[in-house]
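Protein chains in written order, with our numbering: chain R, 1 to 302; chain W, 1 to 311; chain C, 1 to 524.
Note that these hints are calculated values from the structure, not bench results. Do not take every clue at face value.
Beyond 10 Å from chain R on every Cβ pair, some chain C residues (computed) [stated by the list, open to error]:
1. Ala72
2. Met73
3. Ser92
4. Thr162
5. Ser249
6. Pro347
7. Ile401
8. Ile444
9. Glu459
Pairs of lysine to aspartate or glutamate, DMTMM-like flavour, derived with a Cα cap of 20 Å [stated by the list, open to error]:
10. W:Lys267 to C:Asp199
11. W:Lys267 to C:Glu326
12. R:Lys130 to C:Asp318
13. W:Lys267 to C:Glu101
14. R:Lys130 to C:Glu60
15. W:Lys7 to R:Asp62
16. C:Lys358 to R:Asp141
17. W:Lys7 to R:Asp141
18. R:Lys67 to C:Glu60
C-beta atoms are modelled at their ideal positions from N, C-alpha and C, and glycine is treated no differently.
Given next are the chains, with one letter for each unit.
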Amino acid sequence: MGSNTTTEVLTRNAILKQFKKKTPMQEIMIRFVRNRMAVVGIIIFAVILFCAIFADFICDYDTMVVKLNVAERLQGPSAAHWLGTDKSGRDVFARVIHGARTSLWIGFVATALSLLIGGILGAIAGFFGKWIDELIMRVMDVMLCLPEMLLAMAIVAAMGANVVNMILAIGISRVPRFARIVRSSVLTVRGMEYVEAARAIGARNGTIIARHVLLNCLGPIIVQVTLIFASAILAISSLSFLGLGIQPPAPEWGNMLSEARENMRDFPHLVLAPGMAIFLSIFSLNLLGDGLRDALDPKLKQ
Amino acid sequence: MIKYILKRLLALIPVILGVIFIIQFILYISPNDPAVVILGVDYTPEGAAQVRESLGLNDPFIVQFARYVLDLLRGDFGNSYVTGEPVAVQLAARFPNTLILVVVSMTLCTILSLPIGIQSAVKPNSWFSNITAALGMVGIALPTFWLGLMLILLFAVHLEWLPATGSVSLTGMILPAITLSASFMAGTMRTTRSSMLDCLNQDYIRTAKAKGVSHHDVIDKHALKNALLPIITVVGVNVGTQMGGSVLTETVFSYPGLGIMLTNGIKQTDTPTILGCLVVMAICIGICNLLVDIIFAFVDPRIKSQYSKRG
Amino acid sequence: MKKMRVLSLLLAAAVSVSLLAGCGGDTSTTSQGGTSGGTSGGSTTVSTEGREDLVICMPEDLETFDPISTSAMATQAVHNMMYIRLYHDSESGEAVPWLAEEFNVISDTEIDIKIKDGFTFTDGTPLTAEDVVYTLQRALESPNFSTLLATVEGFEVIDETTFRIITTGPSPSIQVALMHPGTGILPKAYVEQALANDDWSEPVCSGPFKLESRSVGESVKLVKNETFADEATSAQCNSLTFRYVPEASSRTILVETGEADVNFQFATADYARASENPDLAIHENTGTVVQYIGVDTTQAPFDNKLVRQAICYAINRDDVLTVVAEGLGTPAFSVLPPSTLGYVENPAGYTYDPEKAKALLAEAGYPDGFDTTLVAFNDLGKRVSEVVQMFLMEVGINAEIETYDTSVRQSMMANHQCPMFAAQWGAMTDADLVLPRLFTEEAIGGMNFSWFHSPELDELFAAGRATYDTAERESIYNEAVTILADEAPWCPLYIPSAFCLTNANLQGVELSGESIINMWQLHY
């Protein structure tokens with residue numbers, strides 16, 4: 001996405017000079033806000049997040065999301081049902097809104113899980129080096145040889161299709177990404193003087209990792225969290241679309257798509273709404289991730 | 001050079017063993033009882049015990065793993081729990097289909113995204129560059145299966161130009177290949193663009209331009225050659241991800257490949273089938289990574305010189 | 001510059017999304033434009049002329065070539081074309097003599113069947129009574145079919161073309177039983193060899209078609225069997241290709257675009273659209289398949305009759321039918337379909353009455369309902385379960401749906417792992433081939449998924465088997481059906497109409513209450 005006319009580089013340098021006296025956090029904030037695409041991303045995502053958090057206030061779960069209403073089935077968009085109704089007469093808008101809650105919540109937990117495991121593994125590998133590093137990273141290499149989707153499917157296949165297993169599947173399959181990032185960040189930071197200094201004054205290994213190293217590689221991790229969050233949301237809907245994820249009647253976008261499939265020719269709104277929801281979540285998170293990367297590390301940007 | 005290739009080839013073996021180990025371990029700790037699947041109608045506790053014994057399911061995991069690997073060397077993937085037929089037969093029938101799909105989609109992806117990426121690097125900030133970049137962002141975020149459904153609606157149902165289901169034929173391949181390549185096109189395009197931009201900003205390019213080398217030659221001979229490395233990496237990585245993506249694409253288009261076989265295998269808790277599909281895909285991905293390394297060796301002068309000096 | 005980028009990004013997103021949305025929107029307009037559309041059809045009408053190679057879209061891939069070891073409908077349909085049986089189906093579900101020439105009841109325990117002369121297998125060997133007896137003996141020993149031949153003790157070859165069935169008593173249902181796809185006749189020598197080598201890949205056929213090629217996960221191609229001896233039922237087209245297309249709307253699209261000629265299992269969601277298309281023909285027949293929710297009557301709370309009855313009152317069958325099958329079928333209150341002897345429409349007088357359901361639950365000791373698991377074994381079962389789940393929720397029963405593949409159904413049932421389940425049962429026309437296979441102690445581990453049986457029913461079943469008098473048998477089965485409705489091991493939901501979608505020009509389409517039959521007649 002880089003744009004690099006000379007004028008822009010110049011203005012950027014000028015801006016950077018101007019910021020020199022501000023705190024790093026403020027600089028990041030300002031850089032982020034200046035990136036309009038990132039702002040677009042964060043606005044879209046904020047709307048989705050709002051829907052997810054206040055889903056119950058927007059639409060009632062029991063009466064609109066899961067209740068059968070045969071009299072009103074397969075309606076087009078109207079004032080009463082903004083996005084129409086599905087073949088069971090359930091309000092598509094309400095299901096999409098509540099679907100956001102399902103997707104974001106599970107995506108969040110799965111991302112947190114993979115960050116936790118991957119972060120610890122990467123930190124251990126990077127900090128201790130030698131055979132520990134070799135062992136952990138070889139295992140990660142092997143896992144990277146299997147596409148995340150396939151690894152997740154294997155885990156769901158073995159453990160059965162339900163929410164907990166899906167979180168495990170998506171979380172574990174994304175561990176190598178975090179492990180690699182954390183490890184390389186740790187390796188970079190480890191050699192730096194202040195860590196040596198911390199060691200010299202007798203800080204214990206654990207404290208060193210926690211205090212200095214991890215805090216210093218926060219930037220790339222935040223960026224990666226955003227991108228993996230997006231890929232987790234896609235994975236949730238993919239697995240559910242294949243019938244290996246969330247089970248009915250819980251509303252979930254991939255599930256709604258596979259349910260609507262047989263009616264899609266006559267009622268395209270049934271596949272459009274959940275599809276757009278998935279698209280917008282991933283789209284906004286990707287924009288957000290790109291924006292954060294540029295804001296956190298201006299050197300990366302061309 | 002041969003030494004380098006051999007070295008990479010040897011390094012592939014532990015990786016593939018590792019993949020088999022991981023997948024088999026995941027399936028090993030599964031609470032599903034294979035005897036239930038195998039016996040079906042005829043299930044009795046005694047019969048189940050017998051089946052478990054005859055399949056060696058009571059052996060320690062490491063013994064089962066070794067046995068599987070040894071069988072694999074003989075081309076034996078075991079028998080399906082559901083049909084009782086050898087998994088290898090099914091794999092042999094379906095794997096070529098998936099491979100063809102992935103290759104076609106990779107080709108499509110590369111043919112389209114390379115020139116677009118180069119063009120938008122040559123003229124950054126043009127309308128063309130901005131729109132393709134934006135389309136790329138959209139492409140990455142479009143869920144594969146949804147795009148597939150939409151393409152069916154448009155090209156098969158509404159316009160009736162192409163068949164709604166995928167098959168190994170010229171027309172049957174178009175929609176699945178487009179669907180599969182859409183999200184990768186964006187990634188390849190972005191990488192091409194940014195690595196081209198990197199090169200174009202290098203001093204030697206400016207020098208070449210200053211020397212009066214034609215614009216065309218600068219792009220072709222100097223910049224592209226150096227920009228190729230990251231592009232090859234992305235394409236190589238894509239093969240793996242596309243293998244994963246093919247599962248969804250095949251399901252949407254009822255395309256007779258490994259993806260549907262894997263999904264069915266999972267729904268039927270047919271462990272040998274699941275294992276077989278995943279192992280074949282992993283081997284295929286491993287080989288692709290190897291190919292990328294080899295191509296690297298030819299393109300990257302650093303590796304080339306390192307090995308040509310010695311051998 | 002920045003502004004332009006954001007703008008172009010939004011523009012691109014808007015354009016691509018509206019393009020996709022537009023295609024959807026356009027489609028729905030054409031559907032309303034309906035018959036005058038003409039875009040879809042024109043070409044197919046021309047190209048069908050003289051077409052000799054037909055394509056049939058199947059919802060499942062072929063499981064096996066061994067007729068005994070499957071109960072999958074799609075696989076059986078293929079077998080029916082490859083292997084001749086003593087009787088074949090008719091639209092009304094009666095047995096029409098095929099290989100059988102004469103059926104003589106010698107005594108209450110002996111029946112002689114004479115088979116037609118001159119039939120050969122595709123390996124050139126003549127088809128004799130010995131092969132028939134061997135085939136039937138295998139069926140008798142297989143758990144899938146032993147209940148079908150409940151009265152049969154054994155078979156005896158009398159001469160080249162005659163064999164005897166030895167029974168324990170009168171067997172009024174035997175002809176219908178011998179129509180079952182599992183009784184497709186294979187040569188003894190081949191079966192023994194195939195069993196020994198565990199290799200069925202090159203089946204020896206005896207029917208109007210023989211195997212040409214098989215592509216696992218893709219298709220099975222049968223070609224006309226030129227040596228087939230029966231003029232009336234020999235193939236009227238050159239070949240049949242059974243193509244595996246798991247997705248319902250894809251199957252319909254394939255027939256619409258002329259790529260396929262028959263959609264074996266038509267999804268009712270496409271009914272309105274397909275019926276407006278002049279190039280398509282929807283064939284319809286009254287259904288014989290009962291879609292039901294069963295419970296494991298040995299487990300609490302379903303061991304309580306009141307709870308089972310409560311479920312029968314809690315579900316609005318019309319709504320289930322509407323949501324799952326677009327209302328194309330009839331609501332069911334009885335375990336039998338109307339075509340089966342002994343049918344009573346609503347023996348226990350069930351209605352949709354959630355208040356009564358709640359009262360019954362309270363009476364049974366579950367005023368606040370309970371939690372349970374509802375197991376489904378295929379896509380249809382899952383869809384039915386989703387609707388049923390919503391109704392159960394209304395009366396306080398919280399059912400969690402679990403979906404498994406059909407291949408694990410038997411063992412899950414045998415292990416009491418299905419407290420509640422969605423299933424379907426394609427009933428033959430004789431109640432003797434239905435009820436005793438579902439509700440006796442012997443059928444546990446077979447098709448008695450509800451674990452329900454009673455001495456009272458056993459007596460009735462024995463009585464129904466002991467006479468050839470149809471009127472008497474009818475009243476006996478009427479009584480059995482009424483008992484079953486009251487005990488409610490099943491909550492019957494609806495009987496879907498049988499459908500088949502074909503090219504409008506295709507001739508010779510015949511439908512049973514389940515699916516398209518006698519496909520040798522298909523031709524343009």
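Status of each hint after checking the structure:
no., hint, result
1, Ala72, "19 Å, holds"
2, Met73, "19 Å, holds"
3, Ser92, "30 Å, holds"
4, Thr162, "51 Å, holds"
5, Ser249, "5 Å, violated"
6, Pro347, "26 Å, holds"
7, Ile401, "6 Å, violated"
8, Ile444, "27 Å, holds"
9, Glu459, "41 Å, holds"
10, W:Lys267 to C:Asp199, "25 Å, violated"
11, W:Lys267 to C:Glu326, "27 Å, violated"
12, R:Lys130 to C:Asp318, "69 Å, violated"
13, W:Lys267 to C:Glu101, "45 Å, violated"
14, R:Lys130 to C:Glu60, "53 Å, violated"
15, W:Lys7 to R:Asp62, "62 Å, violated"
16, C:Lys358 to R:Asp141, "58 Å, violated"
17, W:Lys7 to R:Asp141, "17 Å, holds"
18, R:Lys67 to C:Glu60, "32 Å, violated"
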